[in-house]
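A.B. asks: As a plain string of letters, each chain reads:
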Amino acid sequence: MAVIRDVMPAFDLVQPNSISDAQKLLEQQGENGWVLAGGMDSFDWLKDRIKKPKVVVDLSGIAELKGIRTGADGIEIGAMTTLTEVVQHPVIREKYKLLAESAELVASPQIRNQGTIGGNVSQDTRCWYYRAGWPCYRAGGNICYADTPEGRNREHAILHAERCVAVNPSDSAPALIALDAKFVIRTPTGERVVDAEDYFIGPEIDITRLHILQPGDLLTAVRIPPTWAGARFYFEKVRDRNVWDFPLLNVASAMVVSNGSIERIRIAVNGAAARPLRLKVVEDAVRGKPPNAATGEMAGKLAVQGAVPLQFNAYKIPLMRNLVKRAIGGVEEATWTPYNGQ
Amino acid sequence: MDPLQWAIDPWGKIVPIHIAWFLIWVAAITGLLFLMVHAIYVRYFAKAKEFASSDSPLIAARVPEHVPRHSLTARLFHWIMAASMFTLLFTAFLPKVGFQFDWVTYHWIAGSVLTVSILFHVIHASFFMDFWSIWPDRIDLRDARRRILRFVGKAAPPPDRFAKYPLENKLYHGAIIAAGLSSIVTGVFMMFRVRTIFFPRNPYLFTDMTWGTMYVLHGLAGVGLIALIMMHVYFGLRPEKRAITKSMIFGWMSRDFYLKEHDPTRWPVEASASPSKSQGAKTEGLTNAG
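Just so you know, the sequences run in chain order A and B. For the first sequence, counting from 1, position 246 maps to 245 in numbering that gives the first Met the number 0; every step adds exactly one. For the second sequence, counting from 1, position 61 maps to 60 in numbering that gives the first Met the number 0; every step adds exactly one.
If you are wondering where the hints come from, they were derived from the structure by calculation, not from laboratory data. These figures come from a predicted structure and were not determined experimentally. Accuracy of the hints is not assured; some may be wrong.
Below, a list of computed lysine-lysine pairs in the BS3-like style, where the Cα atoms sit at most 25 Å apart [to be verified]:
#1 A:Lys53 <-> B:Lys95
#2 B:Lys95 <-> A:Lys51
#3 B:Lys12 <-> A:Lys50
#4 B:Lys12 <-> A:Lys46
#5 A:Lys279 <-> A:Lys94
#6 B:Lys240 <-> B:Lys48
#7 A:Lys50 <-> B:Lys95
#8 A:Lys94 <-> A:Lys23
#9 B:Lys46 <-> B:Lys169
#10 B:Lys240 <-> B:Lys169
#11 A:Lys23 <-> B:Lys95
#12 B:Lys12 <-> A:Lys51
Now the in silico label distances, taken between C-beta atoms and shown as ranges [claimed, not checked]:
#13 B:Thr206 <-> A:Val192: 46 to 52 Å
#14 B:Leu93 <-> A:Lys279: 23 to 29 Å
#15 B:Ile108 <-> A:Gly139: 21 to 27 Å
#16 B:Arg237 <-> A:Gly139: 38 to 44 Å
#17 A:Ala131 <-> B:Leu236: 49 to 55 Å
#18 B:Ile13 <-> A:Glu190: 28 to 34 Å
By construction, the Cβ of each residue, glycine as well, lies at the ideal position given by its N, Cα and C atoms.
All chains, full assembly: derive it from the sequences and hints.
C.D. replies: Structure below.
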């Protein structure tokens, strides 16, 4: 099981200075290679001796992967851009505030200074059974220790759980889905661009990974089109403490309201399943309706259809229902009515 | 190279969790080598089949032109089983070689179809077909010995013609029973580990060691089926076996093939009326149609 040590284990460290070199190195190493971005996820794995790569490919020396480029067709954020840079970038704050808000709620200032946007969307799940080194499904075994009658599963999935009930912990992922972002991936056969929502996969597709990156693939950038620039955004993250914590659930929405009705909307939640979920059914249902409490109520109910609670996470169902309700109808509209004893 | 994957369970015991997935390739390569060796042997070295005796013209005259071999029910079972078996193999092993799709749902659905069809087959074969026709009998064993002796150049009388099924068929059926039942029985229990429509999920049904053994058995049976199905498809496509393959589609085999390969005393097929009445594999007036 987990052996926490202060020193790093032995591995070969390679520090390429171009995307193509990094991709070739990862391709050569295959399953033995490990991508090191900000290290906020990697160092835990390595120091706990749970993951034991032979070669670590450190991306910190690749200038092409850093920085935010703006243009008429939106913005492109290098995968190694830190979360702090994302939060502070003036164009993001002005036009894509949803992303800035979500990134600003990640962990702590120190972690945001070191953590990258690519790392935040590609990080592994925080299920402690998995991270402690138990031979669970996600680790290649044949059981989910969290999905048992005694399993501690307060933070785990309520939707799309298939053998494994771990959830994706990213805060920026649902915001990027709501902004219709595209992820740029360098593969052995060339460059591939996928929609943000297609970057993430659940256990029904591959139980050992949370995203589509295969060994030898490298996420190089995130592109955000101008489609939703300046839209009405909503991001809310619920966590056990107000700083330095992963989401129990979060919600992100981008909405264009015209003549009092929702003209266009994209909405996504994370922390409910192994991948951030775009709520297409909700989007279709609320389009053309006013963004008020009644629409939010209906949207919240739709959002949790099919949810199956585990032993200790039933609270997530009303939580998700209310987060979606607030994302559509606004915080004031969704204020809880206190119980007055009548 | 350890053929099994091991892990340490929460109680500190070392338990098996899976087979090593390189066994997929071992099974596929073994199957392929068998096909190649067999094809080369048949093409360059095999002698023509010799059987002990031929039938009297009287017996031959009573055999219909189309000899019924497989009833519609039996054929439907075979093809449903084949479809579910292929679905199971593809959904099990394609994800292991890099194809990503929602395989678990398709896998347990196909497994359920296979289980039901096998249960049906057991009942159908036990009570509505000649149950013993697929099991080796004394003559099969005697003839197998004769064939081996003749193969190695020793003196032995020629074997009799086959009953309804040649010994190879019967042995293959036995291997499929072993691999199929292993995968089905373990698979049914493994369905307790995932969410299905049949029963509540219960991962605590067995200990980690028993579960691990079950996964290993399921995996071994699965990779075994890769080789077995490769062989089955290969023989189904071979020209000299085509009459048997066609009989699994149309239900009958030709009179000539029947008289050449099968012994009417071991597999009696007679038409009480004129032979032309049995066209189209009608079973009226025929005995032991299977």
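A.B. asks: Of the numbered hints stated earlier in the document, which are not met by this structure?
C.D. replies: 8 and 18
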